[in-house]
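Residues per chain are reported as follows:
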Amino acid sequence: MKKQGLTALWMLLPAVLTISIVAFFPLFKTFYDSFYSFSLRPGSIRQFVGFTNYERLSRDPRFIYALKNTVFFTVVSVFFETVLGTLMALVVHQKFALRGLVRAAMLIPWAIPTAISSQMWRWMFHDQFGIMTKICEVLGIIQPGTPILGRPGLAMWAIIFVDVWKTTPFMAILILAGLQIIPKELYEAARIDGANAFQRFFRVTLPLITPTIGVALIFRTLDALRVFDVVYVMTRGAVGTETLAVYNRHVLMDRAFTGNWFGYGSAISVAIFILISIFAFMYIKSLKLKFD
Amino acid sequence: MRKFHMILAMVLTVVMAFSVKITMTSGGVGKELEILKKQLEMFYQIYPDIEVEIIPMPDSSTERHDLYVACLAAHQTDPDVFMLDVIWSAEFAPFLEDLTKDYDYFDLDEFLAGTVKSVTVEGKIVAIPWFTDAGLLYYRKDLLKKYGYNHPPETWDELVEMAMKISKAEGINGFVWQGAKYEGLVCDFTEYLWSFGGDILDDEGNVVIDRGNAAVKALQFMVDMIYKYRISPEGVTTYMEEDARRAFQSGTAVFMRNWPYAWSLLNGADSPVKGKVGVVPLPAGPSGKRAATLGGWNLGINKYSSPKEKEAAKKLIKFLTSYHQQLYKVNSGQNPTRELVYKDSRLKEVAPFMATLFDVFINALPRPRVANYSEVSDIIQRYVHAALTKQMDAKTAIEKLANELRWILEE
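Chains as they are written, first to last, in my numbering: chain V, 1 to 292; chain B, 1 to 411.
Treat the hints as calculated values from the structure; they're not laboratory data. Since this is a predicted model, take the numbers as computed values, not measurements. Be aware that one or more of the hints could be misleading.
Claimed, not checked - Here are the simulated DSS-like cross-link-like pairs (lysine-lysine), alpha carbons at most 30 Å apart as the crow flies:
id, chain 1, residue 1, chain 2, residue 2
1, B, K117, B, K308
2, B, K274, B, K146
3, V, K68, B, K289
4, B, K343, B, K101
5, B, K314, B, K31
6, B, K101, V, K134
7, B, K400, B, K38
8, V, K134, B, K303
9, B, K400, V, K68
10, B, K217, V, K134
11, B, K303, V, K29
12, V, K68, B, K310
13, B, K228, B, K217
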């Protein structure tokens, strides 16, 4: 028994080491940096400033604004992704011809690198040549000649639309996995008891895929809270679409060698981390997920 | 046979030992990359022992900036040769090889004074000017003639009048420019600002943008072109250089503000407006002054490269900035930085406007020369764009812009 435990320890070691290097070290370093004031310029002197960076964050209107945008983006896009993803999963869970092909094709939006698909969508939202602009005009959503990506309000919805297009398939695949492990006998029993399709969905399917949806929700929320590429490519944070990660790019990149902003940028990163933790905690509590 | 192999191996080893491989970054706008590759072929004929690998970069200057920050902060030894925007000299100077003692090796005396100034940081030369840029006005010769205008606009008011008349009658846009929130917006904005008699910083580096009302008027004029005169589509607030060029090239605009690179593309074989385009200096503002923003790119050497790579890099830069190569580079619409090239008759054949607009290029004005330019630019971009998208009025935008500039520059 003792020997077995030792073997297990040895086998865990590579994984633990890898996680430490790629996850714990950068995380720790970011926390550490957030208590200092310095830049990446050669010869810059590190100065310990305690919680000053955090105190400044709480008074930074641009940070507060980006925080609101990020939460709005996350809540709306993850909501639509979950609902549409569940529907999509239910559809491809049914047996029909070419099901394998449909399941594979469905993943295409998710497989295209975001930077590329966002550029593609930027062109489709172009005010003169863009097909999305045309479609929105025909549907009466916008006046002819409205630049969707140049209008406060509209631009954020366009970005949410692109994110939903891109990540709904990912949600669907995760939820599909959850659907597949539900034993068929449960449905048979429900039928015998006279449950209709709605009852079967709300009383059997939904409770049994809740843990899966919970995990999928956490994945998506974490991603959405640090959204960068789709926003940066489509609007560069203009017209009220700046998110925390886009603001952080500005602090870390544009101010990397000037001023002493790197600690401040690290504090923004930590703030994103805390925000993610809050969301994860809420999900785990409200959905009563168990991770053991 | 075995002997032959051995000799071959030995020769290869010797060649490998003496040859050096360097990397350089390059943009790929228009014909830029194609021309550079041809130039490298010529370079290999003179220096067969140097191999150059090109790292193509994104079109947008901001993304190139971020790429460099990541490389430089990590003290990477690659790329060896950096293609640097004129606005970055001060910011990246600590990471660039000091070329002050090579002033004569690169014949910097023969270069346009403005371009040499753009690579000088605290008295040191940190890069060599490769090509220069200045904002220009492109216009449709055929349309102006059709509506009875025998000369391109001399003032902004004249441009508005012509654009309103022609765009209404033709059912197309009047004037396209760069209004998206990015570096290009700063270039466009400063041109209006200067031609309306304002400036961002004075010679001592004090913020003077809110002194007098030139800035408010200039910004209001930009807003009015979109919403009042309606000569620019609202979508101009999402346009970068290539968006504007595509709109103009497809024949849906009368005027366009853009850089010299657009010329060769507008006159390409597949261009619908080929031969119908004229190019002139940007119109004058109420102050009677015309102004063009100085753009352009310089070549600098990575401080962390090995001495051998630095030597090869110097040879490459000297070659690319030589008289003949600058003349050749005109083919991709990139303006020489050597004064004498403008007087060469071969330049006039390829790009006649470069010779006639020589004054524009030597008088182009630089954006603020400060080490934290990226921050300054971000502030200008945010407030100018907010005014263009009607999130605040021009007066408030300039006030807030000035306050933030003061805050960041006094930090």
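Status of the hints after comparison with the structure:
no.	hint	verdict
1	K117(B) x K308(B)	28 Å, holds
2	K274(B) x K146(B)	17 Å, holds
3	K68(V) x K289(B)	44 Å, violated
4	K343(B) x K101(B)	29 Å, holds
5	K314(B) x K31(B)	24 Å, holds
6	K101(B) x K134(V)	59 Å, violated
7	K400(B) x K38(B)	48 Å, violated
8	K134(V) x K303(B)	51 Å, violated
9	K400(B) x K68(V)	22 Å, holds
10	K217(B) x K134(V)	35 Å, violated
11	K303(B) x K29(V)	27 Å, holds
12	K68(V) x K310(B)	48 Å, violated
13	K228(B) x K217(B)	14 Å, holds
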